[in-house]
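*Asks:* Protein sequence lines, in the order shown, are assigned to chains A and B. Under our numbering, read the first sequence as residues 0 to 108, first letter to last. Under our numbering, read the second sequence as residues 87 to 200, first letter to last.
Be aware that one or more of the hints could be misleading.
Now the stretches of chain A that chain B is said to cover, found in silico as 3 or more residues with beta-carbon under 8 Å [as the list claims (entries may be wrong)]: (1) 4–16; (2) 37–47; (3) 85–95; (4) 99–105.
Treat the hints as calculated values from the structure; they're not laboratory data. Computed from a predicted model, the values in this text were never measured in an experiment. A virtual CB, placed ideally from N, CA and C, is assigned to each residue, including glycine.
Read off the chains here:
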Amino acid sequence: RKEVEQDPGPFNVPEGATVAFNCTYSNSASQSFFWYRQDCRKEPKLLMSVYSSGNEDGRFTAQLNRASQYISLLIRDSKLSDSATYLCVVYPQGGKLIFGQGTELSVKP
Amino acid sequence: EAGVTQSPTHLIKTRGQQATLRCSPISGHTSVYWYQQALGLGLQFLLWYDEGEERNRGNFPPRFSGRQFPNYSSELNVNALELEDSALYLCASSETPGLPYEQYFGPGTRLTVT
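If we strip away everything but chain B, and leave its shape as in the complex, we get:
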């Protein structure tokens, strides 16, 4: 069974630009989650999408946004990039929400803002 896939693997942008990151969940999973892992820091929850709707978002500014498509894949958009947005962005997926709520992660997109 294919796991969660993410693209691109690496992305280099300059301050002020926009970045778009993509994620395809495990087949059969309807929920997609986005996390940020900055260097030396723990994983921070960004967004949760389920059935095309944003269900929850973490403590990030509105320039972090996304969407989920009818095939359950998802995009994360980061506008007006700042240097501190440089991080590993991880996407995870799970089955229709229900306990125990296991989330499976993709390999991540490493975003570098210069």
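Isolated chain A, as found in the complex:
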């Protein structure tokens, strides 16, 4: 079993749509959780940290369920510029971030 598993992509959605990504992780001792986005052949950029209480940043909402070891990301009112690969990332310990394989999002006009 992979340490971090994400929905397989790609997700193809029209502009303005709401899209949700899900992720599960295997290490129950994991301490921190993140969503990164990665554009083609570029570096991952931190989108948001994810907290147990849930957190929102504009059109983006992230949720964490420690009991179910489940993380989600909701994007509302999708823009063309949201097209990217979204990486679910977990930090267990030892400086090492564990990355999911990523879910590709394509927003169409």
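Given the structure of chain A, go ahead and fit chain B onto it with the hints provided.
*Replies:* For chain B alone, kept in the frame of chain A given last:
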């Protein structure tokens, strides 16, 4: 504020040679991390340096090594290059380790081994 910088952008080497990749962290960040992203694969953790010391390494052979300098910049060395070492090598930095442990990535060095 300047982000993480890496050099060179691209590096082409032949099998058996050595490659040296460089990274400068965000000002004020003391920890530097190295990751490998091979084509079609996810990011794999290579090394973590903090305060000049190697704190952790991933599941890579000893020919992958590095160091961190007093100014917190870092080098990754790959000896005896193999074709499968061709990948994007990403450096990240963070403040003195502590939760939530946010790491910020540089643009990467694309290493091609022929």
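*Asks:* Are the hints correct? Go through all of them and say.
*Replies:* These are the hints, each one checked on the structure:
Evaluation of the coverage hint for the region 4–16 of chain A: breached, as 0 residues show C-beta separations to chain B shorter than 8 Å, against a requirement of three. Chain B is given as covering the region 37–47 of chain A, and this holds because 6 residues of the stretch bring a CB closer than 8 Å to a CB of that chain, at least three being needed. Chain B is given as covering the region 85–95 of chain A, and this holds because 5 residues of the stretch bring a CB closer than 8 Å to a CB of that chain, at least three being needed. Check result for the region 99–105 of chain A against chain B: holds, 3 residues qualifying (beta carbon to beta carbon below 8 Å, three or more required).
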